[in-house]
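From first to last, the protein sequence lines stand for chains P, Y and V.
Heads up: the first sequence begins at 1 in the working numbering, then just goes up one per residue.
Heads up: the second sequence begins at 1 in the working numbering, then just goes up one per residue.
Heads up: the third sequence begins at 1 in the working numbering, then just goes up one per residue.
Rather than coming from a laboratory, the hints here were simulated on the basis of the structure.
Worth double-checking, as some hints may not be accurate.
[Claimed, not checked] Lysine to any residue pairs mimicking SDA-like chemistry, simulated, CA-CA at most 25 Å apart:
#1 Y:K46 x P:G78
#2 P:K182 x P:Q195
#3 V:K11 x Y:K46
#4 P:K270 x V:F247
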Amino acid sequence: MPGGVVVLLLLGLSAAGLRPASAQDATVNLSFVGPEQPSAMEPVIAAFEAANPTITVTYESVPFDQLNDILQTRLGSGDATPDVYTADQPRIPALVSRGFLLDITADVGDVGSTVLPSSIEASTVEGKLYALPVSTSTQLLYYNTDLLRKAGLTPPSLDPEQRVTWEQIATDATTAQDAGAKWGVMFDQVSRVYQILPLPESLGGGNGVAADDELTPAITNDAWIKAADFYGQLFADELAPRGIAPEQTPDLFANGEVAYFVGGPWWMSKFADTAGLAFGVAAHPYFEGGEPVTPTGAWSWGINPQTEHQEEALKFIQFATLDEQGALETAKGIAIPPANNAALETYLAQDVFTAENVIGVSDLIRFELENTAVIRPRTVGFIQFEDIVGKALEDIRNGADATTTLESASEELEAAWARLER
Amino acid sequence: MRVGRRAPLGNEAAVAVLFLAPALIALVLFRIVPTGYAVVESVRLKGEFVGLDNYRFLLDSDSFRRSLTTTLVFGAVLNPAQIGLALALAVLLIQRLPGARLWRTLVFLPVAVPLLVSALVWGIAFRPDDGIFNAVLAVVGVAKQPFLTSPDQALPSIMLLASWAGVGYWMIFLIAGLQDIPPEYAEAAAVDGAGWWRTFRQITLPLLRRPLAFVLVADTVANFLLFAPVQVLTRGGPREATNLLMFEVYRQAYTFGDLALASAEVVVVVVVMVAVVFVQFRLLRSDG
Amino acid sequence: MSRIQSQEPSKLIRYAVLTPLAMLVAALFVLPLLWMLASAVRPPRDILRYLSPLSLRVIVPTDYSTESFRALLDGPFPRAVANSLIVSGVTVVAGLVVCSMAAFGLSVLRFRLRGVLFAVVVVSFLVPFDAIAIPLASLFRTWNLQNSYAGLVLPGIGNGLAIFLLRQFFLGIPWELREAALVDGASWWRIFWSIYLRLSGPALVSAGLILFVFQWQAYLWPLLIVSNQRLDVASVALAKYLGQFDFDFGQLFAGAVIVAIIPMLILLPLQRFFAPSIARAGIKD
Chain P
1 MPGGVVVLLL LGLSAAGLRP ASAQDATVNL SFVGPEQPSA MEPVIAAFEA
51 ANPTITVTYE SVPFDQLNDI LQTRLGSGDA TPDVYTADQP RIPALVSRGF
101 LLDITADVGD VGSTVLPSSI EASTVEGKLY ALPVSTSTQL LYYNTDLLRK
151 AGLTPPSLDP EQRVTWEQIA TDATTAQDAG AKWGVMFDQV SRVYQILPLP
201 ESLGGGNGVA ADDELTPAIT NDAWIKAADF YGQLFADELA PRGIAPEQTP
251 DLFANGEVAY FVGGPWWMSK FADTAGLAFG VAAHPYFEGG EPVTPTGAWS
301 WGINPQTEHQ EEALKFIQFA TLDEQGALET AKGIAIPPAN NAALETYLAQ
351 DVFTAENVIG VSDLIRFELE NTAVIRPRTV GFIQFEDIVG KALEDIRNGA
401 DATTTLESAS EELEAAWARL ER
Chain Y
1 MRVGRRAPLG NEAAVAVLFL APALIALVLF RIVPTGYAVV ESVRLKGEFV
51 GLDNYRFLLD SDSFRRSLTT TLVFGAVLNP AQIGLALALA VLLIQRLPGA
101 RLWRTLVFLP VAVPLLVSAL VWGIAFRPDD GIFNAVLAVV GVAKQPFLTS
151 PDQALPSIML LASWAGVGYW MIFLIAGLQD IPPEYAEAAA VDGAGWWRTF
201 RQITLPLLRR PLAFVLVADT VANFLLFAPV QVLTRGGPRE ATNLLMFEVY
251 RQAYTFGDLA LASAEVVVVV VVMVAVVFVQ FRLLRSDG
Chain V
1 MSRIQSQEPS KLIRYAVLTP LAMLVAALFV LPLLWMLASA VRPPRDILRY
51 LSPLSLRVIV PTDYSTESFR ALLDGPFPRA VANSLIVSGV TVVAGLVVCS
101 MAAFGLSVLR FRLRGVLFAV VVVSFLVPFD AIAIPLASLF RTWNLQNSYA
151 GLVLPGIGNG LAIFLLRQFF LGIPWELREA ALVDGASWWR IFWSIYLRLS
201 GPALVSAGLI LFVFQWQAYL WPLLIVSNQR LDVASVALAK YLGQFDFDFG
251 QLFAGAVIVA IIPMLILLPL QRFFAPSIAR AGIKD
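My request is simple: use the sequences and hints to build the entire structure.
The structure is reproduced here in structure tokens:
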């Protein structure tokens with residue numbers, strides 16, 4: 001029967017070795033999952049394999065938007081693979097609580113001097129280390145030199161001691177717009193928790209999670225409402241555009257349409273390469289009378305507790321993060337700042353950070369990472385937090401009232417977190 | 001129609017088993033069994049049996065109830081609109097026109113574009129300040145519209161996108177259905193002096209009953225299960241205006257990893273769809 | 001190719017009214033794709049630059065660049081397209097056989113459980129595939145079907161919608177043909193193959209389309225079942241152009257244009273199968 005023939009055909013296809021060639025018997029093969037393009041992981045993998053001839057690493061990339069979802073599914077089914085995977089730092093408490101990360105405290109020892117303290121904090125849960133930090137992040141205030149000049153505005157300062165306030169930015173953005181700028185101000189990752197959390201934090205409103213119980217929301221205090229109102233007002237006043245997704249915002253600045261752009265240092269080379277764009281950088285704003293706060297945190301690489309190659313997996317992540325050479329190779333493929341101190345120095349010494357129009361930014365980045373960086377809330381319910389608060393921020397951006405939106409978001413968050421506690 | 005003649009060859013049931021076996025095995029293994037898992041998951045939480053607790057949580061949840069209403073409204077508006085449009089297009093493009101085959105294929109083309117990319121492109125077109133739709137409206141003097149950033153316009157905008165991306169697909173089936181109608185009927189009507197519209201209503205449409213029924217059911221299901229544009233563009237907002245059921249399911253199952261709740265939602269989705277499709281079957285009954 | 005010939009609009013109306021209308025409609029549908037094509041042949045920096053105000057520059061680039069296409073064809077994309085073609089092709093061939101057999105069993109044969117089995121078929125396509133994908137993926141992993149073409153193809157073969165469509169069509173084929181064949185002593189397989197299938201040109205093309213589109217559009221399933229980049233299908237490969245800090249719209253749109261055109265090239269010639277078969281003329285219940 002044709003049906004039977006077809007089934008045989010398919011089984012034949014699958015058996016016919018249309019799978020990746022398996023490693024030879026003497027070597028151990030590690031499977032490694034992450035969002036970067038394979039070409040970005042080639043340097044560190046090649047260097048590691050050269051130093052460890054009996055271990056090969058197979059890297060598998062997943063589209064960034066689906067990464068966390070896919071990891072959840074694969075790890076949730078108890079698979080032995082992937083052996084190593086990239087863990088978004090704020091999600092580490094949740095991953096640990098679901099048994100998806102191996103406790104590596106004993107195996108790794110003290111890493112305090114090799115990598116940034118904030119990145120260790122982000123990879124630790126209840127005093128135990130569960131992943132090794134690979135990268136970190138910070139935020140800068142880019143400005144369009146031409147647009148500011150046309151408006152007669154003095155560019156904000158690169159000196160963190162003299163950083164500009166949000167209130168001043170709002171005023172200057174209006175001036176710039178009146179003088180012809182299409183948009184006064186814009187955020188890189190608009191309406192995302194990562195980008196906007198520093199606003200309420202700067203006003204002393206906390207990071208949105210109650211200090212004493214990690215599963216109680218705290219997003220309805222006065223500081224949060226004031227910060228949310230400020231945020232929404234920027235869009236209501238048409239200083240910043242609605243309806244544009246985070247993937248499209250850097251192009252707004254690159255096309256010369258935005259006077260002030262809050263974004264990460266990884267856009268520096270894109271802006272530097274844009275012909276005709278004159279720009280400078282300054283320190284991330286803060287609220288008058290409040291604390292300067294910058295977002296931080298990025299990725300750590302962790303080990304699947306179900307792995308069958310624990311020793312080799314440990315070797316790999318230690319090489320990529322703690323070993324100076326290894327960390328440099330890892331940094332080659334990633335656009336964001338490395339967490340390894342030595343690799344960070346190399347990163348900051350790049351030409352793009354020492355160009356004339358941005359001279360001094362390396363010191364600024366170092367300062368922010370050491371002094372004003374605040375990691376995202378540590379809670380096992382971070383995924384729900386990011387999703388629900390993110391939606392609230394977007395609604396506020398689109399004109400919803402800050403108080404009612406935050407209050408209903410708080411209720412929704414409580415209900416979602418209640419399910420975690422059962 | 002089913003006139004019983006002499007006894008058919010062998011036992012029809014036995015033969016039927018042979019014909020149906022491959023498909024039934026595939027359907028049972030790849031659809032029914034995982035659905036069974038989902039049903040089982042829906043009455044558990046963290047591995048323990050909890051009865052109807054998950055369902056109770058859903059029914060108490062304002063946002064789930066709203067999601068259900070939104071999805072039903074979405075379907076109720078979109079299904080007749082899309083099928084009407086598909087039918088109109090089919091009737092237009094079935095005529096003997098120069099290049100008809102090309103026009104038909106071009107109308108179908110959006111169906112072949114990955115929905116992720118279509119959503120992205122339409123998102124750019126919907127941009128309130130510099131998107132093409134507002135640019136066109138500006139030319140005719142209409143104020144710029146918020147589209148996806150407004151709770152009132154977001155769902156209709158998604159409907160527009162969904163129609164562009166799907167109507168060509170249904171049109172093809174209706175064209176096949178139209179092609180299938182023997183000319184004798186229309187010729188007879190012409191002899192009787194009937195005009196085009198009359199012939200269409202009284203002869204063509206009834207003969208199109210089966211393809212129309214198929215397209216209606218399939219489109220209903222497709223619209224019920226739509227969520228990719230929501231995921232890319234609005235994530236359920238603004239203010240839950242576009243929180244379609246399958247997006248909720250995706251959120252719970254994949255993003256939050258709450259398989260129990262997602263499974264309960266899936267069961268509800270399937271039950272509602274079975275009810276809707278059942279009603280449609282009855283309304284369009286021809287036979288069997 | 002209309003069969004309603006005596007009701008056919010006059011040549012004048014067809015050429016002067018209907019053709020321009022058809023062209024306009026087709027143009028409206030294809031406009032977003034033209035924009036994608038324009039974006040794909042522009043220097044990447046121009047893609048989001050000329051959105052507004054309304055001018056010809058939105059669709060017609062001022063500067064051209066092959067950068068996006070070159071990068072696209074140099075990377076994993078061509079392989080991904082090949083994978084999509086293989087998976088879709090095998091699904092269509094195997095699926096048509098399996099589904100038409102089932103449709104035959106559910107329409108031409110008479111037996112007691114027919115209604116129940118038909119209900120099973122209908123329910124199977126009412127279940128949202130993306131929702132059962134997670135348990136199905138675990139199942140496939142226990143059967144060691146991850147990272148294989150079989151794993152990608154199998155869920156697409158039993159398609160309840162295709163069975164439904166083919167059954168509808170078979171029900172419309174005159175019963176007399178079956179009876180006559182039985183009188184002549186034909187076997188069931190013969191009846192299926194030589195009579196029903198032969199008369200089913202349009203339905204087979206339509207069912208094939210359903211099977212093809214299911215696989216061509218598949219995104220979540222391949223993500224779950226395949227982790228080896230060499231087996232990525234086109235839709236997954238395209239999604240990878242939107243990274244965390246690196247959004248390559250040029251390659252994304254260039255790839256999307258290619259992904260859209262391929263089914264178009266397949267569908268254009270297949271439309272001639274929409275002509276009804278001659279044997280059907282004159283016999284209609």
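Against the structure, the hints come out as follows:
Among the hinted pairs, K46 (chain Y) with G78 (chain P) is consistent with the structure: their alpha-carbon atoms are about 15 Å apart, no more than 25 Å. Among the hinted pairs, K182 (chain P) with Q195 (chain P) is consistent with the structure: their alpha-carbon atoms are about 22 Å apart, no more than 25 Å. As the CA atoms of K11 (chain V) and K46 (chain Y) are separated by approximately 70 Å, the hinted pair breaks the 25 Å bound. The straight-line distance between the Cα atoms of K270 (chain P) and F247 (chain V) is roughly 11 Å, inside the 25 Å bound, and the hint therefore holds.
Hint 3 alone, counting from the list given before, is not met by this structure.
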